[in-house]
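As you go down the protein sequences, you meet chains F and W in turn. Using this note's numbering, the first residue of the first sequence is number 435, and each one after it goes up by one. Using this note's numbering, the first residue of the second sequence is number -9, and each one after it goes up by one.
The reader is advised that the hints may include incorrect statements.
[As the list claims (entries may be wrong)] Just the calculated beta-carbon pair ranges, DEER-fashion:
hint, chain 1, residue 1, chain 2, residue 2, range
1, F, 473, W, 136, 26 to 34 Å
2, W, 49, F, 557, 40 to 48 Å
3, W, 136, F, 599, 54 to 62 Å
4, F, 650, W, 188, 24 to 32 Å
5, F, 696, W, 37, 44 to 52 Å
6, W, 202, F, 473, 49 to 57 Å
7, W, 72, F, 451, 35 to 43 Å
8, F, 447, W, 187, 58 to 66 Å
9, F, 435, W, 37, 54 to 62 Å
10, F, 451, W, 37, 52 to 60 Å
11, W, 139, F, 468, 44 to 52 Å
12, F, 475, W, 85, 45 to 53 Å
[To be verified] Here are the simulated lysine to aspartate or glutamate pairs, EDC-like style, with alpha carbons at most 16 Å apart:
hint, chain 1, residue 1, chain 2, residue 2
13, W, 46, F, 597
14, W, 162, W, 202
15, W, 14, W, 61
16, W, 72, W, 202
17, W, 72, W, 61
18, F, 494, W, 39
19, W, 21, W, 58
20, W, 135, F, 486
21, W, 65, F, 597
22, W, 35, W, 143
23, W, 162, F, 486
24, W, 51, W, 160
25, W, 63, F, 492
26, W, 23, W, 150
27, W, 122, W, 95
28, W, 65, W, 96
29, W, 72, F, 597
30, F, 682, F, 709
31, W, 133, W, 81
32, W, 46, F, 486
33, W, 122, W, 22
34, W, 37, F, 657
35, W, 21, W, 150
36, W, 162, F, 488
37, W, 51, F, 475
38, W, 65, F, 492
39, W, 35, W, 22
40, W, 133, F, 488
Just so you know, these hints were derived from the structure itself, not from any lab. Glycine residues also receive a C-beta, built at the ideal position from the N, C-alpha and C atoms.
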Amino acid sequence: MIQLTLIELFKIIKRPRTYIGFLAIFLTVGAMQLAMFYEGEELISIAIQNLENDFRLEGKIINTNLMTYILLNSLIIHIPILICLVTGDAIAGEASSGTLRLILQRPYTRNQIYLAKALSGYLYTISLVFFLALMTYVLGYFLFGSGDLIVLRRGVTVISSNDVGWRFFFAFCSGTLSMIVVASLSMMISSFVNNAIGPIVGTISIIIGLNIIFTLGAPLFKDVIPYIFTSHFIKWQYFFDFEIETEKLKLSFLVQLGYIIVFNAIGMYNFNRKDILS
Amino acid sequence: MKSYIIILFSIFSLGIYAQSDEAKSKILLVKEKLENVPPYSCDIKVKIDVSFINIKERTGKMVFKNPEEIDYKIKGFAFLPKNEMGATTTDLFNSEFIAISLGYEDENEIIKVIPMDINSEIVTGQFWINSKNLISEMILITKDKGSYSAKLDYGGEKFDLPSNIKITFDVKNQKMPALLTGDLESYSEEIPDLNKVSKGNISINYFNHQFD
């Protein structure tokens, strides 16, 4: 199984599209950090102008912690797109190029092959989120230095710089889990089609569609929203609350884990019945 | 009868004038005390209590050069009162004003100060002056920024500097756009009344004074 996963990883590494995600993150984070370096004060003052009317704000607002927090919001739409580029191609890409027949001739069960592909996709997902964390924090540290984190969520929360490390660690873990859900979804769709474009477009469409429903129709779907997987893409923000709502985070973890299991189960079921002869 | 009324009115007016004059002298004494404070620095502890702000107590240093020039060196980030008490009261006391004594409360004389300048940012101020001619409490009503009050405690510091100031002020509800904050869940929540004004408190402890 490990060998199979390593083979799948080797395939991912060899594909040029794998590096599109890393390049996109490098350019996006770089551009965003530079923009904030030159125009950040003005941008932030728009967000906090009401606070500035009432208070004298002492201290540096823009720092690597704030930049990392802002850029973590890219987990809602941008990072899922980059993940789909690779994971959506895992089965459908091989089906379209004809290599799927070759793989299935090997002495491995279809479940093992599917799981190996899923695991390698998850490793790619983890590496992408890790790269995002590294880029935002390290580049931000050199450009802005460290400092207290100001979170403009449910009012204003100020977190001391020595109290943010563990929060970011868990926030990135939570974000990674959400991205694994995305990878599982695209893998599942990938098992249904023989064209690599389908899973990529399909996954992105589902995410964008659910995000629109989640934001615009929020009052209408209030009771359903906690069980929609896209609503958990921002649950990492809970780690930056003054009093962390552990129950909601536990529920989020379970819901996302449930989605990963369901997507993989459907994907494996379908992959086992996939016609590779036609 | 007519002359009796005129005499009574004159006595009453003289009484008010004398009272006003005495109150103004007292305020000028307070002003003199404030002006005589030399530059100094001290350690501070800032505690904020505003409904929508979550922040732990902050520590740092305050460098006082004059009431208009006060610098803070806070460890990390902090919210401080917008109008420095010293600067605002000095502004009020430096302009032409009328002072009226409103009587005594707990050994403090209550003096209302009204600036003569119609364009003054401060509409009126009320001061509780103790027996040592120190402000123990004050309320300032401003034109645009609502009201704010301050209670001062003195711990026997040199130049009668306060050891603690508790400032209460008006603060409007804040709601940041979700697109800026990334808090997309706030779409499903009720929008707070942004015009609602609540009271905020900032308590500052001053200690380890060092005079230049």
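Inset, instruction - Given the hint that residue 21(W) pairs with residue 58(W), test it: the Cα-Cα distance must not exceed 16 Å. - result: This hinted pair holds, its Cα atoms lying about 14 Å apart.
Legend entry - 16 Å limit on alpha-carbon distance, applied to hinted pair residue 122(W) and residue 95(W): holds (15 Å)
Legend entry - Hinted pair residue 35(W) and residue 22(W), Cα distance within 16 Å: Answer violated: residue 35(W) to residue 22(W) is near 27 Å, above 16 Å.
Inset, instruction - Decide if the proposed pair is consistent with the structure: residue 21(W) and residue 150(W), CA atoms, cutoff 16 Å inclusive. - result: holds (13 Å)
Inset, instruction - Could you say whether the range 45 to 53 Å given as a hint is met by the Cβ separation of residue 475(F) and residue 85(W)? - result: violated (34 Å)
Inset, instruction - Would you mind confirming whether the straight-line C-alpha gap from residue 65(W) to residue 492(F) stays at or under 16 Å? - result: holds (9 Å)
Legend entry - Proposed proximity, residue 597(F) with residue 46(W) (alpha carbon, max 16 Å): holds (11 Å)
Inset, instruction - Below or equal to 16 Å on CA atoms is what counts here, so check residue 46(W) against residue 486(F). - result: violated (19 Å)
Inset, instruction - Measure nothing beyond the straight line between the CA atoms of residue 122(W) and residue 22(W); if it is 16 Å or shorter, mark the hint as holding. - result: holds (13 Å)
Inset, instruction - Take a quick look at whether residue 162(W) and residue 202(W) sit within 16 Å of each other, Cα to Cα. - result: violated (39 Å)
Inset, instruction - Could you tell me whether the CB distance from residue 696(F) to residue 37(W) stays inside 44 to 52 Å? - result: For residue 37(W) against residue 696(F), whose Cβ atoms are near 49 Å apart, the range 44 to 52 Å holds.
Legend entry - Holds or violated: residue 135(W) to residue 486(F), with C-alpha atoms at most 16 Å apart: It holds: about 12 Å lies between the C-alpha atoms, which stays within 16 Å.
Of the numbered hints stated above, those contradicted by the structure are hints 3, 6, 7, 12, 14, 15, 16, 18, 24, 28, 29, 30, 32, 34, 37, 39, listed in ascending order.
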